[in-house]
Amino acid sequence: MSISRRSFCALSGVAAATACLGLVGCGDGKAPQAEPANQDNQTAPDAIAADFREQGKGQHLVVGRRGKLFKIAPSVIADKLGYFAEEGCDVEFQQVELAEAFASLATGNLDVMLMGVVQTCEYIAKGTPMYMFGGTVLNGTEILATDAFDTPLNAPEDFKGLRIGFQRSETGQIHFRAWLKQAGLDIEGGDVTFIPLDNEQANVEATLKGEVDLCLVNNAFGYINSERGIKVVGAVPNFTGDYPCCRQNASEKAYKQKFRSLVDFEIAILRGYQVFKNDPDTAIPLMVEYSEQSEDYVRAALYGSDTYEAVMNLSPDPCRNAVIDFYESLKTVGTIDTAAPPVDDFVVTDVYRAALDTLMEREPNEQVWKDLDALYRQNDE
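Just so we're aligned: the sequence shown equals residues -19 to -1, 1 to 362 in mature numbering (1 follows the signal peptide of the UniProt record, and there is no 0).
Everything labelled a hint here was simulated from the structure, so no lab data went into it. Don't take every hint at face value.
Said to hold, decoys possible - Restricting the straight-line Cα-Cα distance to at most 30 Å, the calculated cross-link-like pairs of lysine-lysine (DSS-like) are:
{"no.": "1", "residue 1": "K212", "residue 2": "K49"}
{"no.": "2", "residue 1": "K141", "residue 2": "K190"}
{"no.": "3", "residue 1": "K38", "residue 2": "K351"}
{"no.": "4", "residue 1": "K141", "residue 2": "K107"}
{"no.": "5", "residue 1": "K61", "residue 2": "K49"}
{"no.": "6", "residue 1": "K258", "residue 2": "K351"}
{"no.": "7", "residue 1": "K141", "residue 2": "K212"}
{"no.": "8", "residue 1": "K162", "residue 2": "K107"}
{"no.": "9", "residue 1": "K141", "residue 2": "K312"}
{"no.": "10", "residue 1": "K258", "residue 2": "K212"}
{"no.": "11", "residue 1": "K38", "residue 2": "K212"}
{"no.": "12", "residue 1": "K61", "residue 2": "K38"}
{"no.": "13", "residue 1": "K258", "residue 2": "K61"}
{"no.": "14", "residue 1": "K61", "residue 2": "K351"}
{"no.": "15", "residue 1": "K162", "residue 2": "K212"}
{"no.": "16", "residue 1": "K312", "residue 2": "K38"}
{"no.": "17", "residue 1": "K190", "residue 2": "K212"}
{"no.": "18", "residue 1": "K61", "residue 2": "K107"}
{"no.": "19", "residue 1": "K312", "residue 2": "K162"}
{"no.": "20", "residue 1": "K107", "residue 2": "K258"}
As the list claims (entries may be wrong) - Label pairs and their calculated CB-CB ranges:
{"no.": "21", "residue 1": "P133", "residue 2": "E344", "range": "41 to 47 Å"}
{"no.": "22", "residue 1": "N180", "residue 2": "N302", "range": "47 to 53 Å"}
{"no.": "23", "residue 1": "D326", "residue 2": "D287", "range": "41 to 47 Å"}
{"no.": "24", "residue 1": "G108", "residue 2": "P133", "range": "43 to 49 Å"}
{"no.": "25", "residue 1": "Q359", "residue 2": "G191", "range": "29 to 35 Å"}
{"no.": "26", "residue 1": "E73", "residue 2": "E362", "range": "16 to 22 Å"}
{"no.": "27", "residue 1": "I176", "residue 2": "S286", "range": "47 to 53 Å"}
All C-beta atoms, glycine included, are put in the ideal place defined by N, C-alpha and C.
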């Protein structure tokens, strides 16, 4: 299978780490500036082998995870079932917050961060190379209202006159606001009023009090609050189409000096995803233990229930086309400058494709690999 040339392109030279709008979650919000790049960790152009995609096996990978969030389920499953060791991947997981993680990615002190997408785009927009090489979460934002809300929501004009609460760290609000703005609506209060609130639960409370008509919150908040007079009236991808949330992000140093180690890492992730898809009875107890949440909640959030549809999709696919579109949405809502350079060269599919090809050769009849291959052809070529 051929991969487009621009998927393989990489910028030569390394920009120094720059100040960036780091995020508390996966959306926007300001954070302290990154520390200056450590010169020992920067990758000089002449140190990068032309055939770097054939090198870098057996390297130590330092991988960031945030809190006990189960949205990184495939990596947790892979870790707990020993898949990284089986693939010869020397991985060290560290608990980190997003702002420090991306500052460390910028300097090469952290190899991979399993969360964040806006942060990656912001750094790239400022001139610091980072590479989005796989997916962690696709979609994930649901739209809540009270049980009494009865306005049909099908098109942009249906949202006119509504007050919508949102949390800045919720990635889906960016794509949703961009969708309305691109449809010609004034989203600054002329047609639709968006009200930023501190967190998801504050959005739910504001909805119950009638202070907002709708709120945009993360996956499963509709499930948690379903007995309080709250219902899910839609999900952002129902209107905008698929959009990327958290990505598998690599530093330039890791991508260009540890490529084959990243492939082994991705093989283990894909094997964890295979368990997640095929064997919930194995996956759920592992994620309950990791997250320290109730089994009912974990099951509903990851798989849905008889009365609740989970909107979060843990697809490991890089979703190259959707990420490029999302970068433009960030420009539309003013999160990054409209003159920022294209993101195309930094949304790479080669690590993922190599890992998926390996597993398809091992298990040619496995339906999970066939499904992911079909998604790749749809999302990345």
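Hint check:
{"no.": "1", "hint": "K212 x K49", "result": "holds, 26 Å"}
{"no.": "2", "hint": "K141 x K190", "result": "holds, 20 Å"}
{"no.": "3", "hint": "K38 x K351", "result": "holds, 26 Å"}
{"no.": "4", "hint": "K141 x K107", "result": "violated, 35 Å"}
{"no.": "5", "hint": "K61 x K49", "result": "holds, 14 Å"}
{"no.": "6", "hint": "K258 x K351", "result": "holds, 13 Å"}
{"no.": "7", "hint": "K141 x K212", "result": "holds, 20 Å"}
{"no.": "8", "hint": "K162 x K107", "result": "holds, 24 Å"}
{"no.": "9", "hint": "K141 x K312", "result": "holds, 23 Å"}
{"no.": "10", "hint": "K258 x K212", "result": "holds, 27 Å"}
{"no.": "11", "hint": "K38 x K212", "result": "violated, 49 Å"}
{"no.": "12", "hint": "K61 x K38", "result": "holds, 22 Å"}
{"no.": "13", "hint": "K258 x K61", "result": "holds, 16 Å"}
{"no.": "14", "hint": "K61 x K351", "result": "holds, 25 Å"}
{"no.": "15", "hint": "K162 x K212", "result": "holds, 26 Å"}
{"no.": "16", "hint": "K312 x K38", "result": "violated, 37 Å"}
{"no.": "17", "hint": "K190 x K212", "result": "holds, 14 Å"}
{"no.": "18", "hint": "K61 x K107", "result": "violated, 37 Å"}
{"no.": "19", "hint": "K312 x K162", "result": "holds, 12 Å"}
{"no.": "20", "hint": "K107 x K258", "result": "violated, 37 Å"}
{"no.": "21", "hint": "P133 x E344: 41 to 47 Å", "result": "holds, 45 Å"}
{"no.": "22", "hint": "N180 x N302: 47 to 53 Å", "result": "violated, 31 Å"}
{"no.": "23", "hint": "D326 x D287: 41 to 47 Å", "result": "holds, 45 Å"}
{"no.": "24", "hint": "G108 x P133: 43 to 49 Å", "result": "holds, 45 Å"}
{"no.": "25", "hint": "Q359 x G191: 29 to 35 Å", "result": "violated, 42 Å"}
{"no.": "26", "hint": "E73 x E362: 16 to 22 Å", "result": "violated, 34 Å"}
{"no.": "27", "hint": "I176 x S286: 47 to 53 Å", "result": "violated, 30 Å"}
Hint check: violations occur at hints 4, 11, 16, 18, 20, 22, 25, 26 and 27; the rest are consistent with the structure.
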